[in-house]
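Undergrad: Sequence:
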Amino acid sequence: MADAEKAIDPVCGMTVDPMKTAHRAAHSGRDFFFCCAGCRTKFVAEPMKYLTRSAPPPNPPPRAGEGKGGDWTCPMHPEVKSDKPGPCPLCGMALEPMSPTLGATAPNPELADMTRRFWIAAIFALPVLILTMSGASLPWLQFALASVAVLGAGAPLFARGWASIRNRRPNMFTLIALGTGIAYLDSVVALIAPGIFPASFRDMHGTVPIYFEAAAVITALVLLGQMLEVKARARTGEAIRALLELAPKTARRIETDGSERDVPAETIVRGDRLRVRPGEKVPVDGTVLEGESTVDQAMLTGEATPVEKRAGDRVTGATLNGSGSFVMRAERVGSETMLAQIVALVAKTQRSRAPIQSLADAVATWFVPGVVLAAFVTFIAWIAFGPPPAFAFALANAVAVLIIACPCALGLATPISVMVAMGRAARAGVLFRDAETLQRLDAIDTLVIDKTGTLTEGKPRLMAIGTTSDLSADELLRLAAAAERASEHPLAAAIVAAARERGIALPAIAEFRGKAGSGIAATIEGHAVAIGNFALLETLGIGADALPRDAKERRQRGETVVFVALDNCLAGWLAIADPIKRGAADALSALRQAGIAPIMATGDARATALAVAQQLNMGAVEAELSPAQKAALVARLRAQGKKVAMAGDGINDAPALAAADIGIAMGTGADVALEAAGITLVKGDLAGILRAVHMAHAALTNIRQNLFFAFAFNALAIPIAAGALYPLFGWLLSPMIASAAMSASSVTVVANASRLNRARI
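Each residue of the sequence shown is one higher than the one before, counting from 47 in our numbering.
Check before you lean on any hint, since a few could be wrong.
With a straight-line Cα cutoff of 20 Å, these simulated SDA-like cross-link-like pairs (lysine to any residue) come out [stated by the list, open to error]: (1) Lys505 / Glu670; (2) Lys627 / Asn663; (3) Lys729 / Gly368; (4) Lys598 / Cys615; (5) Lys130 / Pro202; (6) Lys689 / Ile402; (7) Lys127 / Arg321; (8) Lys295 / Arg321; (9) Lys729 / Ala636; (10) Lys277 / Asn798; (11) Lys689 / Glu670; (12) Lys689 / Ala640.
Hint data in this document are derived by calculation from the structure and do not stem from the laboratory.
The whole structure should be built from the sequences, with the hints applied where relevant.
TA: This is the structure in structure tokens:
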């Protein structure tokens, strides 16, 4: 490979130098790596092959969430996708980005267009309204001004209305185009050829009424409603934009020659060594190589307490470094980072459809034809039974019916709430796979919980030290840790970690022997040291009567007691346990108050499981279960009619997670597949389950509120617009007021959904 090491980069002409070992290991399946120090082009040299180029694409990949910059979809019909903004061909609503981008400050083209059109319509509609209200008879001036407002500024409304008819998908724009168009065209005919109208269509002065002011003002109000709705819907993407803003823009890279320089974060590749200074954000996911610090992970996990990080610990991109400094190796970059996966999952989930939306879809299918029929019946009824001028009343009320009925509010009721709820949950470290999971979680009444890694931390820890000789606790730990350092057992790791935490220097061992099923033996500083269970003590001739009472009590509490013998005499004991996660008891109590019964399901021994259950006040415990038995437990509970959620680590508990109504994966999010379960908890604590339950309840309540408002609004508004109150009170609803009410209904639904951003979960 000597020739390869002298290769010249064809891009910049510099000599290609070998990359460091860390870079080689980062690329599986390749044996030799080289990198140009000038433009950082990467090369791969395989055995028995010439040096081949493996360069990155000419342009850096987009940052998480930016997509291609041209993916647009409809909030009501996520199956509709377009490479540019515009109206949805099915419902006519403005398409919006599939995922908000870091360039969110750029003007929304739909919002800019609707804003401009609204002001044009308002400027030209206001004089028409003033002329009508003042009684001035300037019909041709009204015609000219109204034409600009209706046909000019309101052109997209008619285009969307025509598209709905052409596509045979009637929607709100069908009604708007019909109502506004009828009012405008009737006025034009009355202005140009009034003689064709019969006497019954004229007022007491023999004049055929014109409705230019109604058409112009309705157009302006509809455009105002569209402007406010697009603006409100744009704000529902703030959750993703807030996540995107967490990503640091630059990183400090340590070059192959040892120098350091700040580079754009998107140029970081796997294997790069990065320095994270005090107060900086971790640029990408990786592992600490040197140094130590505390890292604030609250922005992704909701955990307020900073977490200590040392060499070998994993760190997550976008988390905030404390006062220390460390060097890390980049391992997940670009779309592979935890933050990018969260953004992608939230964006996808926000476009999913909840089962409750099928109700609105079923109603919407018949809604617009029903409204058109209601408007026609209203027109005929007023012509037949209304006071003179019957035609004027009939037309005004029919237009009011067409305008006030708003299927937009009905269609938005569910997706807009889902969109906001998913973003709010993500900020709290709760990731839903889809909207159906959100709805199903609201009905859960039973929660099956794995013990290790879910109720407990999943990492054995030294809990107590007891001595039965002249040795101090630290000296006993020093000898035990020195011997256990050569063992790969998880309990050994806990003992060694405890010694390191206390700053105890470990002596060398002269001899090490493993004793299958009982423990280990070693020679340290001329002494015979044996560490293990009671069976090991029996081989040394130490009877049960020699065991200290406090060690026996520890064993009864479910802790694992490791005995230490020095020169064949009991010297002391070490109690090791998997600590219960902080806040687990409070979270379980809150779940019970929410009507969810927790059940522990674990493969651990019954004594250990019962000890943990006693501390957590859990009455239902299933212990010594295999993965298949856990799945059978879930199936049995479901057969009893219970709605079951299963919370586990997402790996050993996979069968049970799949068998449950909802699987909840506990983990860091970077180490689990985010779509392996219905819900993924980034931090992996029971409080996350509680947050998910609260979010599901808040979201479903919000959806029901929206649907109730949309149904109630139309149930009340349509009869009033038709003139149902006229016989009793002489009240009629002006088409202009109907237009304002219609726009307000859509904005109200969006505003109500936006309240989920402030929901306390």
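Undergrad: Please verify whether Lys689 and Ala640 have alpha carbons no more than 20 Å apart.
TA: holds (14 Å)
Undergrad: Regarding the pair Lys729 and Gly368, is the alpha-carbon distance no greater than 20 Å?
TA: Distance of about 19 Å is within 20 Å: holds.
Undergrad: Quick one, are Lys729 and Ala636 close enough, alpha carbons at most 20 Å?
TA: The given pair, whose Cα atoms are some 18 Å apart, holds under the 20 Å limit.
Undergrad: Quick one, are Lys277 and Asn798 close enough, alpha carbons at most 20 Å?
TA: Given pair Lys277, Asn798 holds - Cα atoms ~14 Å apart, limit 20 Å.
Undergrad: For the pair we were handed, Lys598 and Cys615, check the Cα-Cα distance against 20 Å.
TA: holds (18 Å)
Undergrad: For Lys295 and Arg321, compute the direct alpha-carbon distance and say whether it is at most 20 Å.
TA: Measuring from Cα to Cα gives roughly 14 Å; hence the hint holds.
Undergrad: Given the hinted pair Lys505 and Glu670, is their Cα-Cα distance within 20 Å?
TA: holds (19 Å)
Undergrad: For Lys130 and Pro202, compute the direct alpha-carbon distance and say whether it is at most 20 Å.
TA: holds (16 Å)
Undergrad: Quickly compare the C-alpha distance for Lys627 and Asn663 to 20 Å and report which way the hint goes.
TA: Since the Cα atoms of Lys627 and Asn663 sit roughly 14 Å apart, the hinted pair holds (cutoff 20 Å).
Undergrad: Are Lys689 and Glu670 close enough, with their CA atoms no more than 20 Å apart?
TA: violated (24 Å)
Undergrad: Hey, Lys689 versus Ile402, does the alpha-carbon distance stay inside 20 Å?
TA: This hinted pair holds, its Cα atoms lying about 17 Å apart.
Undergrad: Are the Cα positions of Lys127 and Arg321 separated by 20 Å at most?
TA: Status violated; Cα separation ~41 Å.
The structure fails hints 7 and 11 (numbered hints given earlier, in ascending order).
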